[in-house]
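With the hints as a guide, bring the two chains together.
Residue numbers (my numbering), protein chains in the order written: chain F, 22 to 213; chain Z, 107 to 568.
Please note that the accuracy of each hint is not assured.
As the list claims (entries may be wrong) - Keeping only pairs whose Cα atoms sit at most 30 Å apart, straight-line, the calculated DSSO-like set for lysine-lysine is: (1) K132/Z - K142/Z; (2) K198/Z - K427/Z; (3) K132/Z - K67/F; (4) K154/Z - K208/F; (5) K518/Z - K567/Z; (6) K518/Z - K198/Z; (7) K208/F - K142/Z; (8) K222/Z - K198/Z; (9) K154/Z - K142/Z.
By construction, these hints were calculated from the structure, which means they are not laboratory data.
From a predicted model like this one, the values you see are computed outputs, not experimental measurements.
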Amino acid sequence: MRTSSKSLLAFFLALLAGPAPAALNIFATVPEWAALAQEIGGDRVKVFAATHGLQDPHRVEAKPSLIARARSADLVVATGAELEVGWLPLVLRESGNARIQPGRPGHFEAAQRVSMLEVPARLDRADGDVHAEGNPHIQTDPRNILKVAEALAARMTELDAANAAAYRDGLRAFAQRWQANLARWEKAAAPL
Amino acid sequence: MKHRTIAVAALALFPFAAAATDTELKLLREEVQRMKADYERRIDALEKRLAAAESAPAVAIAPAAAPQAAAAAPRAAGFNPEISLTLQGQAKSMQDIPGRTISGYWPAGDEHGGEKRGLSVDHTELSFAANIDSLFRGTARFAVVDNEIDVEEAHFATLGLGSGLALKGGRFRSEIGYINVQHPHEWDFADAPLMSKALFGAEGYRQDGLQLKWVAPTELFLQFGAEMGRGDRFPGTDRNGTGPGAGAAFAKLGGDVGASHAWQAGISYLATRAADRPAHAMDTAGPNEVTAQFSGRSRAWIADFVWKWAPDGDARDRNFKLQGEVFRRSEDGTLACSSDIGGSPCAGSLALGGYQSRQGGGYVQGVWQFVPRWRVGARYDWLGPGTRQYDDATVFAALDPGASLFSTYRPKRSSLMLDWSPSEFSRLRLQYARDTAMADVTDNQVTLQYIMSLGAHGAHKF
Chain F
22 MRTSSKSLLA FFLALLAGPA PAALNIFATV PEWAALAQEI GGDRVKVFAA THGLQDPHRV
82 EAKPSLIARA RSADLVVATG AELEVGWLPL VLRESGNARI QPGRPGHFEA AQRVSMLEVP
142 ARLDRADGDV HAEGNPHIQT DPRNILKVAE ALAARMTELD AANAAAYRDG LRAFAQRWQA
202 NLARWEKAAA PL
Chain Z
107 MKHRTIAVAA LALFPFAAAA TDTELKLLRE EVQRMKADYE RRIDALEKRL AAAESAPAVA
167 IAPAAAPQAA AAAPRAAGFN PEISLTLQGQ AKSMQDIPGR TISGYWPAGD EHGGEKRGLS
227 VDHTELSFAA NIDSLFRGTA RFAVVDNEID VEEAHFATLG LGSGLALKGG RFRSEIGYIN
287 VQHPHEWDFA DAPLMSKALF GAEGYRQDGL QLKWVAPTEL FLQFGAEMGR GDRFPGTDRN
347 GTGPGAGAAF AKLGGDVGAS HAWQAGISYL ATRAADRPAH AMDTAGPNEV TAQFSGRSRA
407 WIADFVWKWA PDGDARDRNF KLQGEVFRRS EDGTLACSSD IGGSPCAGSL ALGGYQSRQG
467 GGYVQGVWQF VPRWRVGARY DWLGPGTRQY DDATVFAALD PGASLFSTYR PKRSSLMLDW
527 SPSEFSRLRL QYARDTAMAD VTDNQVTLQY IMSLGAHGAH KF
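Okay, chain Z solo, but in the shape it has when bound (with noise of 0.2 Å):
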């Protein structure tokens, strides 16, 4: 516009200009065709300006269509569940030894999708979660395998109830220890920790029942939680009664120290009652196999501590974590034993007096990523036999003193690892293992191991 202008009062002085030298018309004509050109150039700009914003709105549209598609398809599923799938299977080399125990430790009972030998599915996980309503989310976990389906998980917890506490109901993995509330797929080694093992069995220890947690507000993090349930899982038994027949205390500290580094201890108290657990052993006469049972009290300390360590908190190239976690299960009770052989100095039933033992042991396991998706990891798992207290007339008079639950042996393995994890749901992991659990057997284990998750998988704890 200031040029137009501009050139119409050029135009205009022209007249009065009339006098004007050559070279005053030649810069004349000069600016004009400046200005010419500058038009010019604009003009086209423009027009290139126009010929694209009337073309854009073709692929606006492509687009603007596609997220509605997008948003019309979630809605009609819209309330529809986090829905995930882990499969897991692995390869295994082991020795084959029928009755494979723990020495000098009560066994925890027969765990389904156990350790098989040689090429075996694991159990697949399926999982539900979603929220309830502004108060409650759902959570259901399945492990499914071959005609067996167990309920892992099958909770409601609560959305903020405010003033930092939590509450849960159902059934849950308890939060004692640090490693028992994590599902096997969140794992670093290819099995249970044997202090898991010996503590609660593999499939670690589940509450039916209440949790109650509660967030101090401390800059520190501190949490207190008390769990009570129907106590019917490994070291206490299915007794029957209107009461919570286990309850758990626990406590977790945890905190940050710079950017790199992160850490949490916890210590945790687990309380529960056995009525007749039972145990293979064998007699004194034939020798028949016969049912050893403990009935009493089953208390369970457990310290634990994990660390990670990430370059500036940056954990996805490289990053190491390290824990540990020790125990001491104190049982106090009564020892006796059942057959149905008649021969058998434990027809039917026979008390033998007084049980107690004092056990411990513990794992220490590092975990370093070293190169983006590879990680390597070393455990060092051990019992120690501990004390035990019972009449050796008695019980030697009616079982055979050999078996297993009365071992002084040191229970021990060692394990390396190697996983690859292209993503943050799909792993490969190599295993090796030296594994002297059991009394006069070195067993070298070998495994090969996927772990794939599908769905929409939420997050895991640290």
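If we strip away everything but chain F, and leave its shape as in the complex, we get (with noise of 0.2 Å):
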């Protein structure tokens, strides 16, 4: 009875609270990322993943729906590192969305939460694809998923204050399930 009487309260404060807020609106460059910023946002995000995991990076071109979907985003999640080089400066200058420019709170770089490696000691193309700032597959590490939830989950708050409560509560659960899986991953991993 008490339990379904505080629910039922709970429902007339949310009838009374108004219409809900926007969601915010996420563009992730990668599919890491866009599950990523799901499990933290939950209903409260909308999530647009701008590469699938069958593309290769290096290749993918600043085409129209990116632009489009980057015009109405109000958090882009990127590696960084130069992974996204090739297309995602394009689409941000194109887009006209002055939130996610560079160096503004709606531009989230993975890249700068992890300690990068393979730095190389010199810049050359003649050795190929060298990225400067280091090895920006930085999600092939799990333990970097975990350092880079901490921060995104952090500039969602910044973000949408409103949700605070709710990020917390998405990147408590999921890092909970993920250091559940780590450990099962290490126990596997330790015979290699």
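Right, here's the structure in full:
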């Protein structure tokens, strides 16, 4: 009885609160960050993944569909470290969206939260496809995902303070499951 | 720790177990042996890890020093712009035709680094781009060839004005049509389509002015743009006015179909004016070479479409691009001719009455990458003579009707190309074209071309 009357009260309060705030519009450059943003944000965010797993990131183009999505985005979640240098700067410039330009809160680069490996000593195209800031495929290390998740949740809270509690809960739930999986993976990878 | 306590407990219990049997003693001994072996193994492992950890810092310090060195170097040059240099050259086999024109079309003027026969170097493109501050980004491009530096682009652009707006000011390539905004090194063929040469000249249309674009907040890409500029480039002329001499407007629509297809369509309009726009002609006396002049309004409509396909959106191995544009140009004004030669009917300047022309044409091209790094392409250009209205009697009293300007020929060209790009910065291209753009000339052209870029090269538009 007590729980049902509590939920009834919550329902009436929710009605009085007015229309729910518009979902945070997130433009993620790779499906990993799209999934992460979805885990943290739940139904408070609308996530768009610009590329999918079968695409070679070096051949992605600044397509009209990406420019249209970036135009309405509140937050861009990118890897950085020049992984998306072939298309993202052009999409950002063409979008005419002030919120998502580099340096603004609406621009989040995951590579800045983790320590980079294989930073080249010299930059020379004769060495092939060299990334000046290090190996940008940071999502291949599952421990990096947790660092990025914390920073991403903090950024989402900064942009959308009204849903701070929801993002904290989302992060906590994700972190718990991820830690459990990390332990399992470390055990499975021990023979390697 | 646990094992140690067990061992101690076991030892402590020993005196009480004095009465234990031999088998129990043997079991206990074996237990102790096992524990000893286990301990030794673990101590071994720990010692190995310690040795590795002690030597690791020596390895870690080296890469830590390297990023610091790498970070130190860019810091000094940190604010330098992205500089890139594009080297282009070719070997071309084509007929030697002085005064090559596109029959029936007003010539667009001299093109530097134009189409030379044999081995030649095309202009070298030097480009600089950088953010100026949090509001603006600047870009400049210079085409350098043989004692001539042509300022192709020199403009600033806003970095995210907000609300989907973008403002550009200075000299920039106009975004009317689809191929006009592309630089020659981005082309899929060794030369510009006939349509571009007829409309604007091979250099393409540039604006010295302002451009404002707006992206609509829709899921489908919808963009509107407007430009205004000095209007001193063909089909206009430099009229030394105070107001804008050319205006352009365009609308583009684009989207995806599934994961594999992306498309964009656009419609554009350019309006400008010309005052005494020159063209070579021959007069009826002599015949002497005289200058025909057009003054009046020039308006062009362009419709463009591009469709790109890649399996699952991954363009690395195979991809296909289909693109086409059509145009319609209307010119209304007056014709005149002028000459320095005393005996010419055009001596000084002679007005030849009204002149109206409605012409159109287009091109369609397809480029298919069939294996990684190799692409093959085919292009078909066509131009129609259109309709021209002028007073025959007046005009042909002074000018020779055989001139290219009055031709009713239908220029056409077919091109085939094969290119190899070992990386996105280098390209070698072999192209064959059957060029019938000039009346009574069938020119089989073969071009072998290289395009190489070095430096920080920004991304190209879709």
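How the hints compare with the structure:
no.: 1; hint: K132/Z - K142/Z; in the structure: 15 Å, holds
no.: 2; hint: K198/Z - K427/Z; in the structure: 26 Å, holds
no.: 3; hint: K132/Z - K67/F; in the structure: 70 Å, violated
no.: 4; hint: K154/Z - K208/F; in the structure: 20 Å, holds
no.: 5; hint: K518/Z - K567/Z; in the structure: 28 Å, holds
no.: 6; hint: K518/Z - K198/Z; in the structure: 19 Å, holds
no.: 7; hint: K208/F - K142/Z; in the structure: 26 Å, holds
no.: 8; hint: K222/Z - K198/Z; in the structure: 7 Å, holds
no.: 9; hint: K154/Z - K142/Z; in the structure: 18 Å, holds
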